[in-house]
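**Q** Sequence:
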Amino acid sequence: MLLYQLTPARLACAKRGALVLHPGPMIRGLEIDPAVADGPQSCVLEQVTNGVAVRMALLFLLMGMPAETPVSGESADAAKDPAHAPD
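Residue numbers -9 to 77, in my numbering, belong to the letters of the sequence shown in order.
No wet-lab data here; the hints were simulated from the structure.
Glycine included, C-beta positions come from ideal geometry on N, C-alpha and C.
Mixed in with the good hints, there may be bad ones.
What the hints assert, rightly or not - The following label-pair restraints were derived from C-beta to C-beta distances: (1) G19 - F50: 15 to 25 Å; (2) L(-8) - D28: 38 to 48 Å; (3) M53 - Y(-6): 32 to 42 Å; (4) M46 - P24: 37 to 47 Å; (5) G19 - R45: 33 to 43 Å; (6) V42 - L9: 17 to 27 Å; (7) L51 - P13: 15 to 25 Å; (8) A4 - E36: 14 to 24 Å; (9) M46 - C3: 19 to 29 Å; (10) M55 - A8: 17 to 27 Å.
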């Protein structure tokens, strides 16, 4: 067993209901035992999903994109004026 790996035995020492978090990417079997990563206390998938959305929003803001930026698949005219939207 590795000295730093989160195993079911080590998780059992944590407070009841403790959440398992990891920002990803994780190395299953090295950093976290697969039974812990996929266990009922794991919030790893939610954390990774939310982290991607937060990073995308931050990049959007840092790039100084205008609020009227068209959504994927829309033309720039449709984003500015709904009357120019394709039928």
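**Q** For each hint, tell me whether it holds in the structure or not.
**A** Evaluation of the provided hints:
As the Cβ distance of G19 to F50 is approximately 36 Å, the hint placing it in 15 to 25 Å is violated. Roughly 18 Å separates the CB atoms of L(-8) and D28, a value that falls outside the hinted 38 to 48 Å. The given range of 32 to 42 Å is respected by M53 and Y(-6), whose C-beta atoms sit roughly 37 Å from each other. A hinted range of 37 to 47 Å is violated for the C-beta pair M46 and P24, which are about 28 Å apart.
The beta-carbon spacing between G19 and R45, approximately 26 Å, falls outside the hinted interval of 33 to 43 Å. V42 and L9 have their C-beta atoms about 19 Å apart, which keeps the hinted 17 to 27 Å range intact. Range check, L51 to P13: about 20 Å between beta-carbon atoms, so the 15 to 25 Å window is met. Here the CB-CB span from A4 to E36 is close to 18 Å, well matched to the stated 14 to 24 Å.
Distance hint for M46 and C3: a CB-CB separation of about 36 Å, inconsistent with the stated range 19 to 29 Å. A hinted range of 17 to 27 Å for the beta carbons of M55 and A8 is inconsistent with their spacing of about 39 Å.
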